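Chemist: I would like the entire structure built from these sequences, with the hints used as guidance.
Protein chains: 2
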Amino acid sequence: MKLSISKNELNDAIQQVAKAASSRPAIPILGGIKIEVTHLGVTLTASDTDISIQSFIPVEKDQYVIAHVDKPGSVVLPAKFFVEIVKKLPSDQVVIDVGANFQTIIRSGSTEIQMVGLDPEEFPVLPSIEQNDTLQMPGDLLKAMIRQTVLAASTSEQTPILTGVLWTLSGGELKFVATDRHRLASRTSQVDTPEEYKFSNIVISAKTLIELSKLVPEHNALVDIVVADNQVLFKLDNVLFFTRILDGTYPDTSKIIPQTYKTELVLDTKNVTDAIDRAYLMSREEKTNIVRLMTLEDGSIEISSSSTELGRVTEQLEAKEFNGEPLRIAFNSKYMLDVLKVIDSEQLFIGFTGAMSPIIIRPVDHAYSMYVILPYRTTG
Amino acid sequence: MKLSISKNELNDAIQQVAKAASSRPAIPILGGIKIEVTHLGVTLTASDTDISIQSFIPVEKDQYVIAHVDKPGSVVLPAKFFVEIVKKLPSDQVVIDVGANFQTIIRSGSTEIQMVGLDPEEFPVLPSIEQNDTLQMPGDLLKAMIRQTVLAASTSEQTPILTGVLWTLSGGELKFVATDRHRLASRTSQVDTPEEYKFSNIVISAKTLIELSKLVPEHNALVDIVVADNQVLFKLDNVLFFTRILDGTYPDTSKIIPQTYKTELVLDTKNVTDAIDRAYLMSREEKTNIVRLMTLEDGSIEISSSSTELGRVTEQLEAKEFNGEPLRIAFNSKYMLDVLKVIDSEQLFIGFTGAMSPIIIRPVDHAYSMYVILPYRTTG
Numbered sequence: 001m002k003l004s005i006s007k008n009e010l011n012d013a014i015q016q017v018a019k020a021a022s023s024r025p026a027i028p029i030l031g032g033i034k035i036e037v038t039h040l041g042v043t044l045t046a047s048d049t050d051i052s053i054q055s056f057i058p059v060e061k062d063q064y065v066i067a068h069v070d071k072p073g074s075v076v077l078p079a080k081f082f083v084e085i086v087k088k089l090p091s092d093q094v095v096i097d098v099g100a101n102f103q104t105i106i107r108s109g110s111t112e113i114q115m116v117g118l119d120p121e122e123f124p125v126l127p128s129i130e131q132n133d134t135l136q137m138p139g140d141l142l143k144a145m146i147r148q149t150v151l152a153a154s155t156s157e158q159t160p161i162l163t164g165v166l167w168t169l170s171g172g173e174l175k176f177v178a179t180d181r182h183r184l185a186s187r188t189s190q191v192d193t194p195e196e197y198k199f200s201n202i203v204i205s206a207k208t209l210i211e212l213s214k215l216v217p218e219h220n221a222l223v224d225i226v227v228a229d230n231q232v233l234f235k236l237d238n239v240l241f242f243t244r245i246l247d248g249t250y251p252d253t254s255k256i257i258p259q260t261y262k263t264e265l266v267l268d269t270k271n272v273t274d275a276i277d278r279a280y281l282m283s284r285e286e287k288t289n290i291v292r293l294m295t296l297e298d299g300s301i302e303i304s305s306s307s308t309e310l311g312r313v314t315e316q317l318e319a320k321e322f323n324g325e326p327l328r329i330a331f332n333s334k335y336m337l338d339v340l341k342v343i344d345s346e347q348l349f350i351g352f353t354g355a356m357s358p359i360i361i362r363p364v365d366h367a368y369s370m371y372v373i374l375p376y377r378t379t380g
Numbered sequence: 001m002k003l004s005i006s007k008n009e010l011n012d013a014i015q016q017v018a019k020a021a022s023s024r025p026a027i028p029i030l031g032g033i034k035i036e037v038t039h040l041g042v043t044l045t046a047s048d049t050d051i052s053i054q055s056f057i058p059v060e061k062d063q064y065v066i067a068h069v070d071k072p073g074s075v076v077l078p079a080k081f082f083v084e085i086v087k088k089l090p091s092d093q094v095v096i097d098v099g100a101n102f103q104t105i106i107r108s109g110s111t112e113i114q115m116v117g118l119d120p121e122e123f124p125v126l127p128s129i130e131q132n133d134t135l136q137m138p139g140d141l142l143k144a145m146i147r148q149t150v151l152a153a154s155t156s157e158q159t160p161i162l163t164g165v166l167w168t169l170s171g172g173e174l175k176f177v178a179t180d181r182h183r184l185a186s187r188t189s190q191v192d193t194p195e196e197y198k199f200s201n202i203v204i205s206a207k208t209l210i211e212l213s214k215l216v217p218e219h220n221a222l223v224d225i226v227v228a229d230n231q232v233l234f235k236l237d238n239v240l241f242f243t244r245i246l247d248g249t250y251p252d253t254s255k256i257i258p259q260t261y262k263t264e265l266v267l268d269t270k271n272v273t274d275a276i277d278r279a280y281l282m283s284r285e286e287k288t289n290i291v292r293l294m295t296l297e298d299g300s301i302e303i304s305s306s307s308t309e310l311g312r313v314t315e316q317l318e319a320k321e322f323n324g325e326p327l328r329i330a331f332n333s334k335y336m337l338d339v340l341k342v343i344d345s346e347q348l349f350i351g352f353t354g355a356m357s358p359i360i361i362r363p364v365d366h367a368y369s370m371y372v373i374l375p376y377r378t379t380g
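Chains as they are written, first to last, in full-length UniProt numbering: chain Z, 1 to 380; chain W, 1 to 380.
None of these hints come from the bench; they were simulated from the model. Just so you know, these numbers come straight off a predicted model, no measurement behind them. Since no wrong hints were added, every one of them can be taken at face value.
Restraint ranges, calculated between C-beta atoms of paired labels, are given here:
1. 355(Z) / 68(W): 38 to 46 Å
2. 161(Z) / 121(W): 54 to 62 Å
3. 302(W) / 229(Z): 54 to 62 Å
4. 64(W) / 8(Z): 45 to 53 Å
5. 356(W) / 221(Z): 54 to 62 Å
6. 97(W) / 257(Z): 39 to 47 Å
Backbone N, C-alpha and C fix where the C-beta goes; we use that ideal spot for every residue, glycine too.
Modeler: Structure representation (structure tokens):
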């Protein structure tokens with residue numbers, strides 16, 4: 001294998017796949033990046049047991065020559081050093097030359113690097129996915145749906161299924177749900193797929209979705225999604241992203257969401273976020289994060305927190321709307337802030353069914369997202 | 001005590017002094033910020049045992065009213081929460097009102113914060129420094145001298161004196177020296193002070209100098225420096241910065257610097273920095289950071305490093321000048337990079353007196369700074 005390639009294009013592709021290389025590989029080959037060179041272009045692949053990412057660099061793009069292939073072939077190079085050194089090479093051009101026993105020489109300017117390459121035959125084979133039904137959605141919608149749900153996924157490995165986000169498709173509507181039993185986030189959207197195509201209990205690791213999200217370009221490209229038996233494949237511009245579906249059955253969360261409310265508030269999203277953020281600062285000192293919300297007789301609300309050592313924060317906030325019974329409730333302010341930061345609406349609705357019942361938060365502008373937080377039992 | 005003050009001005013002053021408040025105070029008062037209000041303005045002070053910082057906010061600046069004083073007085077407030085909450089207050093104006101037992105109420109917009117204040121009488125008294133001779137120097141020169149020497153100070157508390165930077169003044173020339181026994185950095189400058197004023201063995205913690213450096217404004221303000229028996233006082237715009245002088249006698253470092261060289265090189269600073277940076281990446285994988293430098297017969301030099309598992313980096317570099325004997329030497333590439341990053345000259349001089357003797361690095365443009373690195377003993 002021998003090729004000459006643009007440093008920047010090589011570097012971009014390496015950055016895309018590097019996240020899938022294991023940082024503490026059980027066997028060295030899993031800590032590597034596979035480079036496959038044909039006369040069409042260069043394919044980079046990295047894979048740990050959970051995710052695999054593949055990026056393709058064509059030999060020509062928009063009539064610019066990106067790579068010149070002298071001899072097709074392939075090799076696996078240790079990811080960590082390879083990722084760092086390519087970034088710092090002195091010239092815009094990089095020559096990669098693989099000899100006997102996968103001994104690799106990388107040349108750029110007056111720098112020469114000898115690397116011990118590994119046998120590509122030992123590299124994991126990518127999952128083979130039959131091209132069944134496909135979901136198609138704009139990249140920025142996928143990013144938004146991920147951002148608005150991963151906050152509620154569990155970070156504890158004690159219940160692995162709750163570290164994921166549940167995907168359900170039915171009647172052309174895609175729904176994401178995440179919960180760690182203390183809070184829940186849900187987001188739906190219409191997607192472009194045959195009406196009769198449906199699936200349920202597809203659970204994808206929240207951490208993996210966050211990594212995927214970083215690879216989805218900012219400009220409004222379409223992402224193709226193929227759901228197979230135990231893998232999901234995301235097709236981006238020049239990148240394929242494979243992830244394992246988590247094992248197990250996701251719990252039924254439909255029953256915890258109240259259908260009617262005893263108290264309903266509409267609040268300005270920014271004002272309530274800032275007020276709870278200040279109360280959070282005080283509650284954090286107590287290590288409880290407890291913040292209280294109380295409706296006042298004049299129809300406004302009071303948000304407060306206190307610390308025995310430091311003192312007390314009290315915030316008064318106008319309610320845009322206030323219907324139903326007076327209320328006193330306490331909740332984890334960190335959980336509430338996580339929700340408030342992803343609400344994409346200038347005003348939000350909060351519904352309560354009592355001081356011990358789930359709190360529902362929704363944007364006012366649309367019904368696509370919904371959040372639930374369980375309140376704290378407190379005295380006084 | 002009662003005043004109304006601009007949030008931004010208060011916040012700026014808090015940020016300046018906060019670094020001196022102890023983050024893990026032995027007694028609560030040391031984790032506080034003292035606020036003293038007179039009809040002239042507001043003075044904020046924070047102090048742990050090593051450094052004290054004081055910032056003054058005048059009631060008027062450039063004809064703008066910054067603070068309105070209703071009642072002079074003083075209080076000490078816990079720094080950590082105070083620092084964070086002031087930043088996030090909703091209105092541009094902040095009212096601070098201190099009642100009985102130093103109970104403090106902070107109001108801004110519809111936010112009210114009650115804080116448990118502490119008795120300012122218990123706050124440490126600032127060192128009293130007699131106004132003796134004063135050094136005056138531009139802020140950016142002081143910042144440069146700090147940046148170009150602290151890299152060589154020891155980070156180990158085993159020999160506390162070496163965690164400091166040695167200051168010497170003689171004949172109007174101020175000199176900074178730092179060493180951790182493996183490397184040495186030295187920087188001199190002419191300063192504005194009476195010719196006969198001199199001192200020696202003034203040692204100031206490198207960490208403290210780095211904090212001081214952050215407070216020195218970017219614009220070319222003058223800094224007044226007063227050296228007293230066991231304290232040094234730095235006077236910036238509205239800020240006073242006091243630091244303790246480290247106890248002990250700084251070792252004599254004059255003997256380790258060779259006067260003649262067997263091999264002399266002049267190199268392009270950027271090229272040699274980049275080449276050693278790439279070699280460092282490989283040497284880091286071996287956890288030794290060993291990089292080798294070898295002169296070649298054609299007058300160029302070769303920089304290389306190797307790792308048994310990964311391979312080898314070889315860099316070839318043109319020498320702008322090369323005088324003396326051929327040379328092979330090995331050194332800690334991290335130490336060398338620390339030096340190369342602060343060299344303020346497009347070309348640098350390196351002098352060697354043999355593979356086991358100190359390596360001297362100097363900018364070519366001037367003789368104000370000088371660096372020494374001890375080589376590694378290696379085989380082969």
